[in-house]
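Novice: Sequence:
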Amino acid sequence: MTKFDVLVIGAGINGLAATYYLSDHKNLKIGLVDQFTFGHPHGSSHGFSRIFRTTYLNPVYINLARRAAFHEWPFLEERLGCKLLHPNSRCMDDPDIIDSKPDEERILTLEKFVKKQFVGPFIKTERIETCFYTSTPTEDFVLDFLPQDHRIVVGSACSGHAFKFAPVIGKILSELVLYGRTTIPEFEANRQLFTLKFDGK
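Note that the working numbering gives residue 168 to position 129 of the sequence shown, counting from 1, and the numbers run on in steps of one.
It is possible that part of the hints are untrue.
As the list claims (entries may be wrong) - Taking lysine-lysine pairs in the BS3-like style, the calculated list, with each CA pair at most 25 Å apart, reads: (1) K65 to K42; (2) K163 to K151; (3) K154 to K140; (4) K140 to K151; (5) K122 to K140; (6) K42 to K68.
Simulated from the structure, these hints should not be mistaken for laboratory data.
Sequences are here, hints too, so could you generate the full structure?
Specialist: Okay, structure coming up:
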């Protein structure tokens, strides 16, 4: 049986980001498992585009989003030697589709809205995808130790807005595993926001 120092369960964007940061520690034997093959459409990390916003009601998320946008993503781009973010000034598709079968009426309504609200020539709808994600009641992330076993760190329920935070979340999860605390002041000052809660408590 293969033994690992750290086993990451779930190879979505945050599991991959945590594994990436853990891999900086060459003395660790790291395992990464997922129930599906890479590139599958069964989670919330698939698709070709993301909306990257730094506007939130909660200042904690504003600060984490800014850290991701202006520090962590550029750091990864420099380190990897390739462009990861490709900013676009126009909204290109609708992230609000719920049913897996496209609703033609909703598509026409969206196209009319885009033509009316955005400057420039309308680009026809190119592709429609459905994304399923898990959400907590408060839409806050869960980045915490499992209460029954502090050897287990949970990173979950990222509520459909976590992709942009991946480098920050990956760093947080890897540092919690290794040190029990992080070097991310925006997270440390607000740990209670990200705690694992049961039955809404």
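Novice: Each hint needs a verdict: does it hold in this structure or not?
Specialist: Okay, the hints, checked on the actual structure:
no.: 1; hint: K65 to K42; in the structure: holds, 16 Å
no.: 2; hint: K163 to K151; in the structure: holds, 11 Å
no.: 3; hint: K154 to K140; in the structure: holds, 23 Å
no.: 4; hint: K140 to K151; in the structure: holds, 20 Å
no.: 5; hint: K122 to K140; in the structure: violated, 33 Å
no.: 6; hint: K42 to K68; in the structure: holds, 8 Å
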